[in-house]
Amino acid sequence: MLYRETGQFKTSYSADQAIFPIFQDRMFILGWLIVAFIAVPLMASEYWFQIILIPFLVFSLATLGLNILVGYCGQISLGTGGFMAVGAFSAYKLATNVPELNIIFVILISGLITALVGILFGLPSLRIKGFYLAVATLAAQFFLIWMFNKFGWFVNYSPSGSIAIPPMEIFGVMVTSAKADPVARYYLALGFTVVLALLAKNLVRGPTGRAWMAIRDMDIAAEIIGIKPLATKLKAFAVSSFFIGVAGALYFSAWSGTAESDAFDINLSFNILFMVIIGGLGSVVGSFMGAAFIVLLPIFLTNLFVGELGFSALTAKHLEITIFGALIIFFLAVEPHGLARMWQVTKEKLRIWPFPH
Amino acid sequence: MEMLNAVFVAPFVDMFTYPAFFVEVLLGGLTAGVMYSLVALGFVLIFKASGVFNFAQGVLALFAALTLVGLMTGTIPFSQNSMSALALPIWLAVIATGGVMVGLAYAIERVVLRPLVNQEEIIMFMSTIGLAFVLEGVGDMMWGSDVKALDVGIPSGSFEVNGVLVQVFDLWAAGIAAVMVAFLAVFFQKTKIGRALRAVADDHQAALSVGIPLKTIWVAVWSVAGLVALVAGIMWGSKSGVQFSLSLIALKALPVLILGGFTSIPGAIIGGLIIGVGEKVAEVYWGPLVNGAIENWFAYVLALLFLMFRPQGLFGEKIIERI
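Sequences listed follow chains F and V, in order.
The first sequence maps to residues 1406 to 1762 in my numbering.
The second sequence maps to residues 9 to 331 in my numbering.
In short, the hints are calculated from the structure, not lab data.
Possibly wrong hints are sitting among the right ones.
Stated by the list, open to error - Estimated spans, in silico, between C-beta atoms of each pair:
hint	chain 1	residue 1	chain 2	residue 2	range
1	V	97	F	1670	35 to 43 Å
2	F	1426	V	224	34 to 42 Å
3	V	206	F	1755	48 to 56 Å
4	F	1752	V	128	55 to 63 Å
Heads up, the beta-carbon is just placed ideally off N, CA and C, and yes, glycines get one too.
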């Protein structure tokens, strides 16, 4: 009744090729966009922007990037934190050394630099796969963080080793640094996330995405039908790293404002991998769900334990880790294909509702 | 020119001018290598028998060490208080901790592995990361999260041979590791359950069809990995205290596995020693050229380069792929 494609006839090629061919899906996306662009900025408080909304957007973008690599192309990566650091530090170097450059270009160029680094560390993927590749990407993670930590050039020789974004403007509105309005920073992150998410959605249903999925499902077979493994895998690394680099640049410029290389450590990589797995491998909408889940869960648990039940902060932290781990195991056991799969099942059910037989 | 000299000549000149120091660096590397090997060994055991890449191995070692310290000091779980009346003697505490690890293996099989049978590798891998979180949280809640000293009576001190300082503790660690590897070799080759383990490792379905109970085997192999983790935890804990960083050795064990091959027990040992020596030597002789602390990533880059030429590792089985 509510969600049904009956009667929606496609009468033109452009209708047939639409990103969202079903009317209800279009309305659903439109609804979310209206909420995100209009309703949220009117209602949310500064706490909401800083603690939930902006990190959610940043992590969604990073999750999307990793999902392209892991979920669509099947190459496991544990180097996400390192690549986000590349994005953040590139943004810092660009913003401080080329101050006349608009922040939008700063973020895009940071993404491109990260894409180059991603290609470099993706090169071994032609010869190795699976967990061997995961260890190779760990090399990227540790090497990159060490590099940003040890060489003063990356932090403009600041003695503390931390970087801070200078105030930057778009059309006269300040969008970065602590002086900027949270709403402006939110719009900056939201704009990038929405545009790149649509780009990703479009990319994965086209020839590029299909080549990735062919490589993921069986690389030798894909090679036999004429898909070039090296080019396809490197493309996945490049696109994925671009997304992650942009996410890193936004993490630094739109969200935190300051950063140290240690913020991008291995735990961040694991967290983003969790978002991918819990959201659903190989799903764009799942990336958003996974990011929302992992961003909200610790906040919820902390509020519950410290705020409601009055545990000490330390006990609450340990309990939080335990529950977090247990939930991951539970999720994997109950629905290994993640929240996206649950959403899919719901849609299937809605389709035949209220006559399920 | 100066650059080339600093990279390719000066370190080697140093090594030959002060051989005693070089040998000390080598020994330090070997000791660290033994620790890596112990953790890698647990990985290999589980990977061979169940194809699960067990990220929680390092946390298992931490958990074992925490439990051991807790039992030895008579700590009451979840209370942060200790009663000296409850403190167990060392031998009893070790045995009790071994029992806890076996129980843990049983629980893991029941709660984590069984619901996830036949899932993809990455799902299993992620579930062991979840397991690592749970064990870390529970371990800290039960026994407290402060750094603890662990003394199980392994002699310490040092003596000098030809100007080289040798730590007695390191010799003991190497000796215990060797005994354990020998014990494992006998266990795998000669006992009934060891043969069953190898059968499962070769082919799950064939093993099932000749009547080997897979569930029991998984409990057995996780128990053995838990006991190996206990030994690793004792060694590492008595050397540098029982603390969270113990679980981070798990990550260092990954390049060790790459070098040695995921399925080879000798590979884990030799890979561990190579990584341990390699990173110490690189840190001491080449580290200063690039501001130091290259220990953090050297092992991974070494493994990465190695993979380019020999993807299956030193002793791993050759990967043959068919459609």
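Checklist entry - Between residue 1426 of chain F and residue 224 of chain V, does the beta-carbon spacing fit 34 to 42 Å? => result For residue 224 of chain V against residue 1426 of chain F, whose Cβ atoms are near 52 Å apart, the range 34 to 42 Å is violated.
Next on the checklist: Does the beta carbon distance between residue 206 of chain V and residue 1755 of chain F stay inside 48 to 56 Å, or does it fall outside?
Outcome noted: 51 Å, holds
Checklist entry - Is 55 to 63 Å right for how far apart the beta carbons of residue 1752 of chain F and residue 128 of chain V are? => result Distance hint for residue 1752 of chain F, residue 128 of chain V is violated at roughly 24 Å.
Next on the checklist: Holds or violated: the 35 to 43 Å window for the beta-carbon distance between residue 97 of chain V and residue 1670 of chain F?
Outcome noted: Holds: the Cβ-Cβ distance is about 40 Å, inside 35 to 43 Å.
Figure legend: structure checked against the earlier numbered hints; hints not met, in rising order: 2 and 4.
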